[in-house]
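Colleague: Okay, here's what each chain looks like letter by letter:
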Amino acid sequence: MKPVDCEFESEILAAVLQDRWPARVDAGLREHVAACEICAEVAAIAGAIDNDRQEMRAQASVPDSGRVWWIAQMRARREAAQTAGRPITVAQVIACACAMGLLGACFGATSAWFQAALHRGLSSLSALRLQTLLPTFLAFVAGHGALFLAMAAILLVIPAAVYLTLLRE
Amino acid sequence: MFRETAFNDIERDRTLDGASTGFVMDEDTFRAFYARTARGLWAYLARLTGDRQLAEDLLQETFYRFLRASATYDNETHRRNSLYRIATNLARDARRRSLSRAAAVPAGDDIERMPSLQDVGATERITDFTRAMARLKPRERAMLWLAYAEGASHQEIANVLGLRTTSLKAMLFRARRNLAELLGRAPGGAKP
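Sequences listed follow chains E and F, in order. Take the first sequence: its position 91, counting from 1, is numbered 175 in our numbering, and each next residue is one higher. Take the second sequence: its position 113, counting from 1, is numbered 1068 in our numbering, and each next residue is one higher.
Since the hints were derived computationally from the structure, they do not count as laboratory data. Treat the hints loosely; a few may be bogus.
Anything over 10 Å on all C-beta distances counts as not near chain E; from chain F, calculated [claimed, not checked]: (1) ARG1023; (2) GLU1031; (3) THR1032; (4) ARG1035; (5) LEU1138.
As a list, the in silico DSBU-like pairs of lysine-lysine whose alpha-carbon atoms are at most 30 Å apart [as the list claims (entries may be wrong)]: (6) LYS1092/F <-> LYS86/E; (7) LYS1124/F <-> LYS86/E; (8) LYS1092/F <-> LYS1124/F.
Have a look at the derived ranges for each label pair, beta carbon to beta carbon [stated by the list, open to error]: (9) LEU248/E <-> THR1121/F: 41 to 49 Å; (10) ASP110/E <-> SER1108/F: 19 to 27 Å; (11) GLU121/E <-> ARG1119/F: 22 to 30 Å; (12) GLN1008/F <-> VAL241/E: 52 to 60 Å; (13) MET980/F <-> VAL241/E: 50 to 58 Å; (14) GLY112/E <-> ARG1119/F: 33 to 41 Å; (15) HIS1033/F <-> LEU248/E: 41 to 49 Å; (16) ALA245/E <-> LYS1092/F: 37 to 45 Å; (17) CYS180/E <-> LEU1054/F: 42 to 50 Å; (18) ALA107/E <-> ALA1026/F: 37 to 45 Å.
Yeah, the Cβ is synthetic: ideal placement off N, Cα and C, and Gly gets one too.
Build the full structure now, drawing on both the sequences and the hints.
Modeller: Dropping the structure here:
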């Protein structure tokens, strides 16, 4: 199997990164590089990459550290505010629902008109019979079959379309 | 209810005040760390993405995520490796996004237009190198840069790129050979 590394590789890399290659290294190491294919490749590639790195670093356009810190702080605060705001919103919704329920219960318990209306409604509901309602309903569906199919399709298609749109966004 | 809301507000204010203290380091330490690493990281990101502006954006995002990470660092090397790991993942995500938009700028184009080069020789050298790097796989670019520009060990490179240390040696060898071929360099460092 062909070797993929050489024991002198790290020494050559260090020499390149420290700007010692090739002038300020041991003559023995230079001779080794001339004979070793792997080390020759390491020297060539490491030299090319190191040159590129130096030129890139010189042209690097990095923002000021103070600006990066400030932006990070602002963003962290904004994210913290969003996180902290979420439980408050949930608590407020629950509290509002409880208050509405309590208000409705109080109104139902104290209003004579509401009590009378409730009794009327319950008694008329108990007078209705399922046996009489079902045939009427089926006859209505049979007469307006196309309309019912269209409504069913709309009920299925609209939520699916909304879901897909939101998913895409 | 009012009492509860007021309490929540106080808690929220405390959370907001403490938001910056949730960072892994204080401002002075960050500034010193940034001064040591930002330029090198920008060069890495620019080479990885082939886009200067994207490199700057990713640099800021990298430092933000680094600051917000709930990690403890043993030493400078550990800290630096973590920074490069975040940057590598962000660059990978950015590449995937640009591929999915099918509007990716070919890697290296933007770097070739870099201003203020010292001389024509340097421009040609950079252009050749940029083109060769752009033709490598992103992982090969990252691997070579970490090994030969940052002087990272095999274990560090494996950690940053999420690879196995045992397979890295062979992968690095292949990447180096590919780049040498693209640069048209014969073994020994001379151009044929």
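Colleague: If a hint holds in the structure, say so; if it does not, say that too.
Modeller: Against the structure, the hints come out as follows:
1. Not every beta carbon of chain E lies more than 10 Å from that of ARG1023/F, the smallest distance being close to 7 Å; the non-interface claim is violated.
2. Distance check on GLU1031/F: its Cβ is at least 17 Å (rounded) from any Cβ of chain E, clearing the 10 Å threshold; non-interface status holds.
3. Listed as a non-interface residue, THR1032/F keeps its Cβ farther than 10 Å from every Cβ of chain E; the least gap is roughly 15 Å.
4. Every Cβ of chain E is farther than 10 Å from the Cβ of ARG1035/F; the closest lies at roughly 15 Å, confirming the non-interface assignment.
5. A beta-carbon of chain E is positioned within 10 Å of the beta-carbon of LEU1138/F; the least distance is around 6 Å.
6. Using a Cα cut-off of 30 Å, the hinted pair LYS1092/F and LYS86/E holds, with the two alpha carbons roughly 23 Å apart.
7. This hinted pair checks out: LYS1124/F and LYS86/E have alpha carbons roughly 13 Å apart, not beyond 30 Å.
8. About 16 Å separates the Cα atoms of LYS1092/F and LYS1124/F, which keeps this hinted pair within 30 Å; it holds.
9. About 46 Å separates the C-beta atoms of LEU248/E and THR1121/F, a value consistent with the hinted range of 41 to 49 Å.
10. One distance hint, 19 to 27 Å for the beta-carbon pair ASP110/E and SER1108/F, holds here, with the actual separation near 23 Å.
11. A C-beta distance of roughly 26 Å is found between GLU121/E and ARG1119/F, which places it inside the suggested range of 22 to 30 Å.
12. Distance hint check: the CB atoms of GLN1008/F and VAL241/E are about 43 Å apart, inconsistent with the given range 52 to 60 Å.
13. Between MET980/F and VAL241/E the C-beta distance comes to about 54 Å, which sits within the given range of 50 to 58 Å.
14. Our hint of 33 to 41 Å for GLY112/E and ARG1119/F holds, since their Cβ atoms are close to 34 Å apart.
15. Look at HIS1033/F against LEU248/E: about 45 Å separates their beta carbons, and that is inside 41 to 49 Å.
16. Against the hinted window of 37 to 45 Å, the Cβ-Cβ separation of ALA245/E and LYS1092/F comes to about 41 Å, which satisfies the hint.
17. The hint said 42 to 50 Å for the Cβ distance between CYS180/E and LEU1054/F, and at roughly 47 Å that hint holds.
18. The beta-carbon spacing between ALA107/E and ALA1026/F, approximately 42 Å, falls within the hinted interval of 37 to 45 Å.
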